[in-house]
Amino acid sequence: MMRFEPPSRREYIRDQKMRQGRRVFGVFPAQYPKEILWALNILPVEIWDPPVKTTRADAHLQPYICSVVRSGLELVLQGKCDDLDGFLFPHTCDSIQNLASIVNDYLGIEKPCYFFYHPKAHYGPSSRAYYLEQLRNFASTLGKRWGAVEPEELERSVSQGQQTASLVREAYDLRAAGTLGATNEEFYGVIRQGEFLHPDDFLPLMRNFLETSKGRSGSGSPVILSGVLPNPPELLRLLDELHVRVVEDDLLNCSRRLIVPPVSAADPFEVLTEQYFLMPPCSTREGSIQARLEYLFEKVERSGAKGVIFWIVKFCEPELFGVPQLVEEIKKKGLATLVLDSELHQGPSGQIRTRIEAFVEMMS
Amino acid sequence: MGRLKKARFHLMKDLGAPALMGLAALKKKKRPVKPKPQFGPLLRSSGRLREIMTRHYLLSRYAEGAKPVAWVTSGAPVEMLRPFDFYTVYPENHGALCGAQKMGAELCSAAEERGYHQDLCSYARIDLGVCFSGKTPVGRLPKPDLLFASNNICQTVMYWFEVLAYHYKIPIIIFDTPYNFEEIKEADIAYMVNQFKDMIPVLERISGKVFREEKFQEIIRIARETSFTWGEVLATMKADPAPMTIFDAFIHLAPVVSLRGLPVALDYYRLLLSELKDRVDKGIGALVHERKRLMWDNIAMWYKVRDFSNLFAEHGMNFVTATYTNAWAETTPHLKEGSPFESMAKAYSLIILNNNLNHRLSLMERLIREFRVDGVVIHSARSCKPYSVGQYDLKRLLMERLGLPSVVIEADIADPRAYSEEQAKTRLEAFFEVME
Ligand code: SF4
Ligand code: SF4
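First to last, the sequence lines map onto chains W and F. The first sequence runs 1 to 364 under this note's numbering. The second sequence runs 1 to 436 under this note's numbering.
No lab work stands behind these hints: they were computed from the structure. For glycine and all other residues, C-beta sits at the position ideal for the given N, C-alpha and C. Be careful, since some hints might not be right.
Calculated pairs, SDA-like style, for lysine to any residue (alpha carbon to alpha carbon, straight line, at most 25 Å) [what the hints assert, rightly or not]:
| hint | chain 1 | residue 1 | chain 2 | residue 2 |
| --- | --- | --- | --- | --- |
| 1 | W | K111 | F | K395 |
| 2 | F | K292 | F | P37 |
| 3 | W | K314 | W | D341 |
| 4 | W | K53 | F | R396 |
| 5 | F | K169 | W | G124 |
| 6 | F | K292 | F | D307 |
| 7 | W | K120 | F | I206 |
| 8 | W | K332 | F | R396 |
| 9 | W | K331 | F | E204 |
| 10 | W | K53 | W | P232 |
| 11 | F | K36 | F | H315 |
| 12 | W | K120 | F | K395 |
| 13 | W | K80 | W | R14 |
Examples of chain F residues toward chain W, derived with CB under 8 Å [stated by the list, open to error]:
| hint | residue |
| --- | --- |
| 14 | L120 |
| 15 | I170 |
| 16 | I174 |
| 17 | F175 |
Using the sequences plus the hints, can you model the full thing?
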């Protein structure tokens with residue numbers, strides 16, 4: 001494939017503000033209706049793993065808090081979000097919840113902070129009605145400050161969201177079928193551009209990626225990657241080097257929120273609601289172990305994966321709880337499993353390398 | 001439910017349990033506890049509390065197969081289960097008990113051996129450790145028929161109870177309480193009310209019992225009275241000297257958490273309240289010389305309750321209020337028989353841990369004023385992210401706004417391995433110095 005050079009976030013944000021007249025929001029993990037922001041000409045820029053050295057966040061957070069939250073807060077404290085027009089905190093886990101409140105209530109930050117709650121109970125009629133209402137309320141709350149959401153704009157951004165989902169799905173399908181010529185690093189390098197590019201820019205990028213990458217995948221042991229995010233890049237590079245081919249993933253910031261089946265309805269809010277309830281199971285939403293297992297086995301089935309790597313961000317409760325039962329059941333199916341936990345920016349140690357090598361041997 | 005098991009349960013309830021407990025009490029009497037000189041007389045009601053909780057756990061062994069058994073989280077609206085006659089077991093309360101009996105590390109390890117990470121909440125690890133090893137200080141826990149969790153205290157309980165649901169292959173109900181980033185919203189209340197309505201047919205199916213409005217209203221009334229009376233119990237500590245310590249309250253909290261909605265809990269708090277009022281009238285304090293009054297933030301360190309109680313007493317310092325014990329007195333007194341679902345939705349979603357940190361700061365400031373607090377001990381509990389994240393800023397703000405000294409102790413609720421005696425000692429010495 002054509003090697004992809006990502007634009008610098010900082011320059012891209014500046015350009016979006018200056019040339020496109022867009023407002024820019026810093027958005028914390030994980031799931032939120034980005035279409036509503038796009039419709040208001042607000043660019044969501046997601047804050048998952050900013051590469052900052054933590055110096056100030058430690059005065060606000062205990063050592064047992066995950067590095068997604070820690071580095072996100074650090075970014076704010078170092079003034080690296082000063083160009084942003086606001087923040088959005090989706091309700092993902094206890095740590096994000098309290099981080100949202102620290103930023104909104106305790107730090108004296110002048111920027112508007114928004115919160116988006118999505119239902120956690122096992123989905124029933126009440127969850128659906130609530131989610132729909134949440135979307136409408138979110139749009140009207142934002143509308144009070146940033147101008148009302150125009151129906152045509154929302155329709156347009158919902159359609160762009162669907163086009164994005166369809167291209168991402170296609171990339172996943174090709175990869176699972178062994179017909180995508182991209183390394184692990186290249187694949188996630190491209191997919192993750194969607195965390196900050198506007199769909200006007202992300203859609204052509206994805207199309208280009210698909211056009212130039214169609215072909216045979218390299219050889220190597222096929223695995224599924226589960227966890228929060230495929231980070232740091234050194235991990236992906238190591239997997240490439242060891243000929244481990246990620247053929248599917250169960251990552252919170254990738255397939256669990258990006259692989260949405262197509263939905264049609266007259267009202268764009270209804271479309272977003274339907275889509276939400278069709279998302280794959282996730283520990284941070286409706287996440288029964290049974291549903292997660294079925295989802296993983298479906299992925300094994302369609303991709304021929306021989307093993308699952310659980311790549312866990314240290315201290316991530318939502319992920320850590322499910323792992324033992326998932327591992328037990330996956331092993332029963334004769335698949336290899338590997339559980340690794342790591343800080344966000346800690347490249348894989350020698351020990352991790354050895355463990356991955358042993359895991360690869362187990363699969364061969 | 002088996003007829004034989006039902007009969008056995010009732011036999012134990014009416015005859016077996018009182019007889020066994022009578023014997024246990026006789027044994028106990030042989031070993032009178034001598035209070036340390038810094039403390040006032042022991043609370044007489046404690047004996048009754050022991051009886052109630054021992055009986056509760058004793059009977060729970062016979063409940064399996066005789067009654068539908070539910071495992072419930074501490075913040076869940078248990079009033080919904082009572083009309084269906086569920087025997088309710090509280091893994092968090094049991095976890096605290098295990099922690100206090102110094103079994104925390106052993107049970108956590110049993111879960112860790114099965115792959116549950118040491119970074120997970122220790123109540124959860126203890127509970128899973130009990131499931132895997134069968135060990136518990138209460139003899140045996142009944143296997144649940146239903147799991148009932150609410151994320152008003154944390155999201156952790158959802159993940160934890162999902163693990164239990166898969167382990168036991170039983171249904172789970174999650175009562176989802178949207179976090180109040182700002183004020184509570186109408187849409188949130190409507191969502192919660194709808195969830196209550198959705199639950200009723202599920203509970204009817206699992207329990208085989210029909211929902212009866214009058215019974216439910218009576219339960220709501222008892223639950224409200226219980227929480228209200230618990231609030232009055234805590235309020236006695238406004239007196240100078242306070243008639244009990246927060247370390248006592250940690251123990252006396254058990255009925256309002258795990259037996260709420262049942263007459264036994266209400267009767268107990270009436271008894272305790274009258275004893276405390278009597279002490280206030282007579283000027284009897286929990287400490288003989290109460291020099292300083294403190295507030296505790298976060299859940300107790302169960303394995304350290306006694307040691308801390310002694311240590312602070314030696315310095316003439318009494319804990320007179322805690323955000324933790326206050327949680328069961330704060331919102332549930334607002335339950336209303338006339339609008340049970342709406343009032344439950346508000347009561348359960350407005351509790352401290354489901355509210356933003358500004359709310360927490362104001363609540364603490366109010367308690368500090370009302371209880372005339374001189375200093376705060378902040379337990380940064382490794383297990384509990386919703387309670388702990390934000391405490392460093394709280395400490396700073398309490399100093400900036402009220403000039404109030406505080407100390408942060410890095411520890412855990414039930415796993416003593418996360419506690420460093422050395423570090424705590426250094427920090428506490430500095431705190432005691434500031435307080436003088
Ligand atoms: S890594 Fe886990 S704990 Fe951290 S923010 Fe993400 S979901 Fe929450
Ligand atoms: S200690 Fe905290 S995290 Fe653990 S169950 Fe209680 S509220 Fe949840």
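Hints, one by one, checked against the model:
Between the alpha carbons of W:K111 and F:K395 the distance comes to roughly 24 Å, so the proposed pair stays at or under 25 Å and holds. Pair hint F:K292 plus F:P37 holds up; C-alpha atoms about 17 Å apart against a cutoff of 25 Å. About 5 Å separates the Cα atoms of W:K314 and W:D341, which keeps this hinted pair within 25 Å; it holds. A C-alpha spacing of about 24 Å is found between W:K53 and F:R396, which places the hinted pair at or below 25 Å, so the restraint holds.
Among the hinted pairs, F:K169 with W:G124 is consistent with the structure: their alpha-carbon atoms are about 20 Å apart, no more than 25 Å. For the suggested pair F:K292 and F:D307, the alpha carbons sit about 18 Å apart, so the restraint of at most 25 Å is met. A hinted pair counts as satisfied when its Cα atoms are at most 25 Å apart, and W:K120 with F:I206 qualifies at roughly 22 Å. A distance of roughly 51 Å separates the Cα atoms of W:K332 and F:R396; the hinted pair therefore is violated under the 25 Å criterion.
Straight-line distance between C-alpha atoms of W:K331 and F:E204 comes to about 38 Å, which puts the hinted pair past the 25 Å bound. Simply put, W:K53 and W:P232 have alpha-carbon atoms about 14 Å apart, close enough for the 25 Å limit, and the pair holds. Distance check on the hinted pair: F:K36 and F:H315 sit about 13 Å apart at the alpha-carbon level, within 25 Å; holds. Between W:K120 and F:K395, the direct Cα distance comes to roughly 32 Å. Violation of the 25 Å bound is thereby established for this hinted pair.
With a C-alpha separation of about 13 Å, the suggested pair W:K80 and W:R14 falls inside the 25 Å cut-off, and the hint holds. Annotation: F:L120 was flagged as interfacial toward chain W, and the flag holds, the nearest CB pair being 6 Å apart, inside 8 Å. Using the Cβ-Cβ criterion of 8 Å, the hint placing F:I170 at the interface with chain W is not satisfied: the shortest such distance is roughly 12 Å. With 8 Å as the threshold, the beta carbon of F:I174 comes within range of chain W, its nearest partner Cβ sitting at about 5 Å, so the hint holds.
With a least beta-carbon distance of about 7 Å to chain W, the hint placing F:F175 at the interface is held under the 8 Å criterion.
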